[in-house]
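Colleague: This is what each chain is made of:
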Amino acid sequence: MTRSSSPAAPPPTTFEIVANGHARRVAGGTTVAGFLAAHELDPDLVVVERNGEILRRAAFDAVHVEPGDELEIVHFVGGG
Amino acid sequence: MNPARGTDLMTESSARTADRRETAGGLTLGDRTFGSRLIIGTGKYDSPQTMAAALEASGAEIITVAVRRVDLDASKEESLLHWLDPERVLILPNTAGCYTADEAIRVARLGRAAGLSDFVKLEVIGDEKTLYPDVLELLKATEILAAEGFTVLPYTSDDPVVARRLQEAGAAAVMPLASPIGSGLGLVDPLGIRFILEAVSVPVIVDAGVGTASDAAATMELGVDGILMNTAIAEARDPVRMAAAMRLAVAAGRIAFEAGPMERRTYASPSSPPAGRVGG
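Here the protein sequences come in this chain order: B and P.
What the first sequence shows, in the numbering used here, is residues 194 to 273, in sequence order.
What the second sequence shows, in the numbering used here, is residues 32 to 311, in sequence order.
Quick caveat, the hints were computed from the structure, so don't treat them as lab data.
The beta-carbon is built from N, C-alpha and C at its ideal position, and this holds for glycine as well.
Careful, some of the hints might be misleading.
Quick partial rundown of chain B residues pointing at chain P, CB under 8 Å, derived from the structure [as the list claims (entries may be wrong)]:
1) A212
2) N213
3) L234
4) L238
5) V239
6) V240
7) I247
8) E265
9) I266
10) V267
11) F269
12) V270
13) G271
14) G272
15) G273
Hey, can you work out the whole structure from these sequences and the hints?
Modeller: Structure follows, in structure tokens:
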């Protein structure tokens with residue numbers, strides 16, 4: 194199918210990702226830092242794994258959450 | 032605890048333990064040396080305030096934490112790290128709850144990415160009821176993580192063959208259990224711990240099972256390099272006082288080991304001179 198004359202479709206306003214094992218909708222253009230802020234998480238106190246790769250904290254501002262991403266966001270809790 | 036004495040095993044091991052006595056002064060793990068030989072956990076406390084007070088009372092310089100998913104929907108509580116000063120204590124992430132080498136490696140990497148150290152307390156559980164380690168998976172994970180530069184402290188069984196394999200795989204210490212995690216049963220197999228002390232040159236830290244202060248002292252008297260405990264303190268009626276007791280017990284047991292206890296004998300030996308008795 195060709196749609197030669199129509200302008201590029203706008204990016205979807207929200208899309209689905211999986212965060213800590215649960216589906217979640219996020220707005221297009223959300224960065225990892227933005228996702229953390231939306232959940233009141235201090236970026237210095239969590240570690241983020243995106244699609245199996247650990248993200249450096251320095252990259253949180255630059256990396257955008259993409260449709261279908263799988264995020265693991267972990268922190269330290271009491272343990273022996 | 033009544034350590035068997037006078038057996039061939041003990042004659043042989045006395046040379047080995049004499050070597051260990053010379054390492055008095057601190058607990059060296061990887062490239063760091065710690066003044067305290069007591070390592071404590073942060074689990075099961077009623078409040079972080081109690082945990083922090085127990086840490087203070089214990090004198091511990093290493094404290095374990097678990098790596099878990101953040102609850103994205105819960106209102107955010109104060110981070111555990113708020114209560115721990117990384118300048119004063121080494122925060123030691125564990126891999127508790129992992130059942131395969133792959134899971135444990137993933138959690139170890141996440142823990143290291145927190146940026147506090149390259150230490151990991153490596154746990155790979157093989158049985159839900161006893162929480163005994165799966166030593167085959169443990170060995171695999173130890174080898175891979177040691178190659179990645181981790182200072183690997185594996186929780187293991189009290190088997191000297193496994194302990195030696197862990198050392199060969201690059202473990203910075205071996206951490207045999209005294210009895211099942213959280214059981215408080217104390218040291219059920221001192222012989223196994225003695226065999227491990229002979230089998231490896233890396234530090235031996237007894238991890239899990241200590242119930243009260245006498246367990247800790249008796250365990251240290253075997254010549255182990257340290258003890259890691261959590262439940263014994265957290266589930267005491269007064270965790271802060273128990274932490275203080277454990278600090279003293281670990282130190283007392285260590286000093287007694289370094290001092291070299293007397294030989295046991297079957298019959299009495301008078302402490303006062305037999306000669307010169309009045310009316311004798």
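Colleague: State the violated hints by number, sorted upward, taking the hints as numbered earlier in the document.
Modeller: none
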